[in-house]
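Chains U and E, in that order, are what the protein sequence lines are. Going by our numbering, the first residue of the first sequence is number 141, and it counts up by one from there. Going by our numbering, the first residue of the second sequence is number 141, and it counts up by one from there.
A hint or two may mislead.
When chains are identical, the list treats them as one kind, so a pair holds in a single copy or across two.
[What the hints assert, rightly or not] In the DSS-like style, the derived pairs of lysine-lysine whose C-alpha atoms are separated by at most 30 Å in a straight line are: (1) Lys526 / Lys427; (2) Lys307 / Lys192; (3) Lys192 / Lys559; (4) Lys558 / Lys427.
Keep in mind that the hints were calculated from the coordinates and are not lab data.
There are 2 protein chains.
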Amino acid sequence: MSETIEVISNTQERLNSIAYYLNAGAFVRVRKMLLDLPASDVALLLESSPAKTRQELWQLLDADFHGDVLEELSEDVRNGIISKMVPSSVVDALEDMDTDDLAETLSTLPEDVLQSVLASMDAQDRMRAEKALSYGEDTAGFIMNTDTITVRSDVSIDVVLRYLRLKTELPENTDTLYVVNRRDVLLGTVSLSRLLTAHPDVNVDEIMDDESEAINVDTPESDVAQMFERYNWLSAPVVDNDYNLVGRITIDDVVDIIREDAEHSMMSMAGLDDEEDTFAPVGQSTKRRSVWLGVNLITALLAAAVSDLFETTLSQLAVLAILNTIVPSMGGVAGNQTLTLVIRGMALGHVSPSNSLWLVRKELAIGFFNGLIWSVLIASVIAIWKQDYALGGVIAFAMMMNMIAAGLSGATLPIIMKKLKIDPALAGSVILTTITDVVGIFAFLGTATIFLID
Amino acid sequence: MSETIEVISNTQERLNSIAYYLNAGAFVRVRKMLLDLPASDVALLLESSPAKTRQELWQLLDADFHGDVLEELSEDVRNGIISKMVPSSVVDALEDMDTDDLAETLSTLPEDVLQSVLASMDAQDRMRAEKALSYGEDTAGFIMNTDTITVRSDVSIDVVLRYLRLKTELPENTDTLYVVNRRDVLLGTVSLSRLLTAHPDVNVDEIMDDESEAINVDTPESDVAQMFERYNWLSAPVVDNDYNLVGRITIDDVVDIIREDAEHSMMSMAGLDDEEDTFAPVGQSTKRRSVWLGVNLITALLAAAVSDLFETTLSQLAVLAILNTIVPSMGGVAGNQTLTLVIRGMALGHVSPSNSLWLVRKELAIGFFNGLIWSVLIASVIAIWKQDYALGGVIAFAMMMNMIAAGLSGATLPIIMKKLKIDPALAGSVILTTITDVVGIFAFLGTATIFLID
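Input sequences plus hints: build the corresponding full structure.
Quick look at the structure:
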C-alpha cells in the first residue's frame, strides 16, 4: 500500500507534468499518463485547465473513462464539455452511471442537449433517466441511489448471509440492509456490522433497528445534508409518502452538498455564482460578474448623491472631502462582520425566532461599544493630524451613529430578508453597505454643516 | 420509524418550547424534555443560547449525558461550559469519549484547566489522553480513532466471521477490517461487504485489498479532508512512519473539517474567527472584532492621506469630493470578486504553479473589459448628471486604471501570499481594498488636477 503523503504530492506533480507534456504536444505520452489517474484526479485536472486545454485532454482521454470523470466534474465544467460532445457519445458516457449522478448530470444539461441525449437512449435507460429526473431538483429523491439491498423480517441471519454470498459484490458504500414487508414498506434497518456480530439462528426482526429515521423523498437536499452532519449518519434510507423504500443516500453524495452550502454564502457575498468556474473564458466571467458591479455602481452613485446634497459645505471645507470616506468604510466593515456571523448562524440553524431578538440586542450593544472605541480613537487622530478639535468631535459623533446603524442593520437585515424569502447572502452586503454609506455620509457632512460652517 | 420531515420541524419546535419553558422557569419540565433529545440536538440548543441560558440548561442536563453533548459542541461553546465545571466532573464527562473527541476536547482547554483535569484522571485514562495529545493538533493522528479491528492474512473468512461473532458489537462506523502482520504492519483492508460476499473457506489474503491507501499519522487534517472528499472514502487506516497501523479515520469526523475549511475563507474575509460563537457575550465579541476594525481604520486613514495630497484640487472643485468614492468602491468590488474566486480555487486545489500565470492573465483581461464597460457607463452618467464631459473623461480614465489594478492584484495577491505562507483569506481583502482605494483616488484626483484645474 502506498502512503498518501506521497500520493498527494504525486497527484500535484503528475498533474503538472501532464500539463507540461500537453504543451510540449507529447499527446501519446499524455494519453498514457491519463490512463493511470483515478477519475477524480482527471476531473481535478480538467477543472484546473482553461477551456482549450480541457478539450484537448478530453479528446486524449479513453472513452470508457468519460462517464466516471463526468460524475466527478462540477456543473459548469461538465456542461462545457458535454455541449461539445455528440449526443450518442454522451449516452455512452452516461450508460453505467449511478442513478443519482445520472440525474444530476442530465438536470444540468441545456434543454436541447438533454432532449437529444434522451432521444438517443434505449428505452430502458430513458425510463431510468426520466424516473430520476421526475424528482424535484435538490431533493432527497434526486441525490439518492436506487441500489438498495432489502431483506424480509422473518428470515434468519444465516439465510441472509447465504443470500448475500450469492452476489459477487454489494453495491458501492453499502453499510446497511433494509428490512421491508411484501408491499416494500420500510420496517427497519440492519447494519452490516450488526449482521456480522449476530448469531446465525436469530431472525432479522430480532436484531433490526426500527427506531432509525428515514428521509422522505421530497426533503430538500440541504436539510438532508444538515441531518447527516448533525446525526453523523453514513447512510440513510429514502421513502415515499406511503413509506415505501425507494432508495438510499450515502454520505459521500452529501459531502459535496455540505461543502457547496458552506461555500454558497462566501461566493454570493462577493457577488459570484456558486458554480462559477475559475477557468471559464474571459467573456463568460465578465458577463457573470457585471450584474454585481452594476448594482454596486448604483449604490456608489447613491452615496455620491448624498454627498452632493452637501456640495456647498464641501466647497467651503475641503478637509471634509478628505475625511468623508473614513466613517462609511468603518461602518461597512463592522456591519459586514455582524451580517456574516448572522448569515452563518442561520446556515447552521442556530438563529431562530426564539433567540433573534436577543441577537439583535447583542449586536446593537457591540455597535455601541465599537462606536465608543473608534470615535474616541478617530477623534484623537484628527485632533492631532488636523489640529481641529471641533472636526474631531464631528467625526466622532458620525462614527458613533454609523457603528450603531451597522450593528442594527447587520443583525436585522438577514432576519428580515429570510422572512421575505430573499437569500441574505446574495443581497445582504449590498443593502448593508448602502445603509452604512448613506448614514455615515449624512451623519458626518450633516453635523459638519451644522457645527463647522458659519 | 418516524419520518425526518417531522423530525426536523419537531427539533426546531422542541428547541423553541424548551427555550419557552426555561424562561417560564419550569425547570422540572425542561429537565424532562432534555432527556428526550439526542446529544446533537442538545448541543444545537446550547449553541443557540446566550451564555446565561447555557449554564442553566447545563445544570438541568443529566450528568451522564454531559460527555456526549461536549463531543458535539463547537470549541468556543465547549470551553465556556467546561471552564465553569469542577475538574472532577469534567473527568467524569470525558470518561467514555472516543480517543479523537477526547483529544480535540482536551486540546482546546486552557492550559490550567487541562492540567487539573489530567491530574484528576486515573493513570490509565491519563495515559490514553496524553497519547492522544501527543499527536500534533490538526493532524491525522489527532482526529483518528484507535478502535480498529485487525485480522491476520492467513486465516479463513469463516474464522474471521466466528471471531466477529464473539464481540457483542463492532466499534461505531466500522466498515472495514484491517489486515496486519505480527509486527502490526498494515498489509491490506477487507471491507465488511466484501467479507459478506466472500466464500467462508477462502483466506483473508485472497480477498483483501492491498492497493488502497493509508494515511500517515502526521498528515494535516485539511489534506485528509481533501482526500476523503476527492476519493469518496468512508474510512481510511492511519499508519505511523514504520507503516504500523495506529488507528482509523471515519468520514463523520472529516465532515466537520470539510465544513470548517469551507467556512474559513468567508469568516476570515469578514475579519472573524472561524470559531466565533454567535451568542458569545458582548465584551468578548467586541474585543475579537476590534483587531480587524483597527486594521481597516489604518487603511481608511491611508486613503484619506492620499486625498489629502489633493487638498487644493478638492477645495477648487467640490464635485470631485462628491465623486471621489465611486471609483475606489467599484475597484474594491471587482477586486474582491477575483480574490474570492482565486482563494476558493486554491482551497479546492485547482490553482497550481502550472496554471496561475494563465489565471492572472485571464483576470487582467476581465479587469480590462470591466474597465471598458464601467468607464463608458460612468462617463455617460456624469456627463448627463453634471453636464461636464471633461469630468466624465477623467472619471472614466480613473475607472479603467482601477479595474485593471483590481483584476491584477485580486489574482496575484493570494498567489504571492500563499508563497509567503500567509493565509490569503485573512489579510487578502484588506490589502486589496487598500490598493484599489489608493489607485482609485490617485487616478481620479491626479488626472483631475492635471486636466480640470487651471
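Exercise for the section: Hints the structure violates: just list their numbers, smallest first. Expected result: 2
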